[in-house]
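Protein chains: 2
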Amino acid sequence: MQHTDVNTLGEFGLIEHLTKEFLITQPSTLKGVGDDAAVIDNDGFCTVVSTDMLVEGIHFDLAYSPLKHLGYKAVTVNLSDIYAMNAFPKQITVSIAISNKYSVEALDELYAGIRAACDAYGVDLVGGDTTSSPKGMVISVTAIGQCEKDRLVYRNGARVGDLICITGDLGAAYLGLQLLEREKSIWLEHPDVQPNLEDQKYIIGRHLKPEARRDMIETFRKQDLKPTSMIDISDGLASEIFHICKQSGTGALIEESGVPIHPDTQLMALQFKLDPITCALNGGEDYELLFTIDPKDVDKVRFLPDIYIAGEILNAADGVKLNTKGGNLHTLKAQGWRHF
Amino acid sequence: MQHTDVNTLGEFGLIEHLTKEFLITQPSTLKGVGDDAAVIDNDGFCTVVSTDMLVEGIHFDLAYSPLKHLGYKAVTVNLSDIYAMNAFPKQITVSIAISNKYSVEALDELYAGIRAACDAYGVDLVGGDTTSSPKGMVISVTAIGQCEKDRLVYRNGARVGDLICITGDLGAAYLGLQLLEREKSIWLEHPDVQPNLEDQKYIIGRHLKPEARRDMIETFRKQDLKPTSMIDISDGLASEIFHICKQSGTGALIEESGVPIHPDTQLMALQFKLDPITCALNGGEDYELLFTIDPKDVDKVRFLPDIYIAGEILNAADGVKLNTKGGNLHTLKAQGWRHF
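Taken in sequence, the protein lines are chains A and B. Sequential numbering of the first sequence, starting at 397, is according to the working numbering. Sequential numbering of the second sequence, starting at 397, is according to the working numbering.
Quick caveat, the hints were computed from the structure, so don't treat them as lab data. Note that the coordinates shown come from a computational prediction; the quantities given were computed from them, not determined experimentally. Here a beta-carbon is modelled for each residue, glycine too, at the ideal position from N, C-alpha and C. Hints may be right or wrong, so weigh each one.
[As the list claims (entries may be wrong)] No more than 35 Å apart at the CA atoms, straight line, and that leaves these computed lysine-lysine pairs for DSBU-like: (1) K464/A to K497/A; (2) K696/B to K497/A; (3) K669/A to K531/B.
[To be verified] Take a look, some chain B residues computed to stay more than 12 Å from chain A by CB distance: (4) G453; (5) L604; (6) G654.
[What the hints assert, rightly or not] Quick list of simulated restraints, FRET-style, between CB atoms: (7) S495/A to G654/B: 39 to 45 Å; (8) E501/A to N711/B: 36 to 42 Å; (9) I582/A to H399/B: 26 to 32 Å; (10) I582/A to P423/B: 27 to 33 Å.
Pulled out of the complex, with its shape left as it was, chain A reads as follows (with noise of 0.2 Å):
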């Protein structure tokens, strides 16, 4: 047999790859491979299913992820996915491989961090599966969620002319990954020097309890506001963009003035000598919301704390650019995480 290794593909390659021969045919299924969820019509709410797996070694690390902390994670990422559905998600459930290392204390301190996240955003935890593993952990979860049909928002509406969101701030979960690598790698040479993490607070907590926008789409609900495509933002600003628009079949044009990023990522940034924009670009786990709306929705948007206006949706011939605040025009590239 042939050997060909996985990283040649990369991650989206190799799940197009893979999934590339199987064809839709139940009736039930509006949306599948492709989409930040998958939708399925009961005659009813729509059903709007998401699902993770998050492998120790790759996703976390327990040297510095509290247990508590990677519970709540491992549910409000999949939680992100559905709202980026338009959805509200409903139910969980969650599945886990552990080694014999765990205790049983230790589970209570993981499962304290899921429900901590069911309390906070609604859900019900409603299944899964408990297994060992010969090594490490493995956590896996499906959030599933609900939606009238007519709400749910996909990456395929984007349309030339729209208006391009931004919620929250992007690149912070990055640096703080980045700190608590730096920081673990100085403790690793010198374990008694303690490491000082107390100032970044932000950008630390963005990578280890990120929340999910429910309060947007509860926004976008008020404001009888719908987006004409969205997108979560877990692998960086540039390969979301890139997915809407090729989704979509447009371009896009990003003003870096319009990206919003928070002053101690600025900060954290230029410590380590990064430009704070690549940051947010090419970054990952904000599980902040990108969106486009139609230009005559823009008085929904304009006041709303949190939504940043950061660009305009192009023809699908102008390519996806940045607009640099010294007025310099870059075409970008789709990057997006590449853990293999």
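Following the hints, put chain B in place on chain A, whose structure we already have.
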């Protein structure tokens, strides 16, 4: 922190311990943890959701599990849970974590098996996650089914006097696994000796490529039969009848003479110096259905192929008993599969 070994609780005990403080708060959650699948009300068809995690070295051994079979099995074991609710699976999500020893070609084999199962059972692959792992392979499948609310069958509906029915035959998959394990150890010691499995296709097939009983659920619809309770037999008959009895608040009497066991299973059990009924009671991975019916429905199943009447539901005070072929009455103990 205290360190309580997870083995002290057992799989079911651990799940109960971890989930006992989770409350059901969503009106749409009809059934949470504790049945073959969760049930969600959509003001239309109900959504039925089940999930399983398969871990290399725990649930499968690639020394004798072809990847294509593994992919097929990962799907069918989940579909089995959906059928056990009297529902029809329509969609699945598949998440995998793989180490870099796996090639794209190996994944193609795995996904060919997943696709074969999707084709055979008419389900759509609608999502998932693909990530790397430091070691080995983990597969997590979530199956999503649909059912009219009034057709759902739970574990808790058995009533005193109901007849206990079993589909197919039991114990074969367990003996198939024993045989594969035995041949593997012989091969490890004497790599020049080719394992000879040719005459044991049935039991090996039952382990490597189990089917889910879609046909039975279709038969129930045709016969206008609604079982009073149902569960799929994944952990051995004893474990499953205990689940039914515990949740229904009943006891049960199983007739050894009524428990279907394939002739190949009988013979292989004897080779391994095991009692065939023990393999049926405490083996695992049969993926047959155990269900109870109202005695007035007996004519609807009596002449159907592959359904066996194997006992009767008793009062809770009577416990769960086995009437052996020799006429002895044994009190059964739930045993189940212990992976920990």
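Evaluate the given range 27 to 33 Å for the C-beta pair formed by I582/A and P423/B.
Violated, since I582/A and P423/B (Cβ atoms, about 51 Å apart) do not stay within the stated range.
If you draw a straight line from the CA of K669/A to the CA of K531/B, is it 35 Å or shorter?
holds (34 Å)
Could you see if the CB distance from E501/A to N711/B stays within 36 to 42 Å?
holds (40 Å)
35 Å Cα cutoff - pair K464/A, K497/A
holds (17 Å)
Whether G453/B stays farther than 12 Å from all C-beta atoms of chain A, as the label says
violated (4 Å)
Closest CB-CB distance from L604/B to chain A, is it above 12 Å?
At roughly 19 Å from the nearest Cβ of chain A, L604/B sits farther out than 12 Å, so the non-interface label holds.
Given the hint of 26 to 32 Å, check if I582/A and H399/B actually sit that far apart at their C-beta atoms.
holds (29 Å)
Over 12 Å to the closest beta carbon of chain A is the bar; see if G654/B clears it.
holds (31 Å)
Could one say that the CB atoms of S495/A and G654/B fall in the range 39 to 45 Å?
holds (41 Å)
Given the hinted pair K696/B and K497/A, is their Cα-Cα distance within 35 Å?
violated (52 Å)
Of the numbered hints listed earlier, those contradicted by the structure are 2, 4 and 10.
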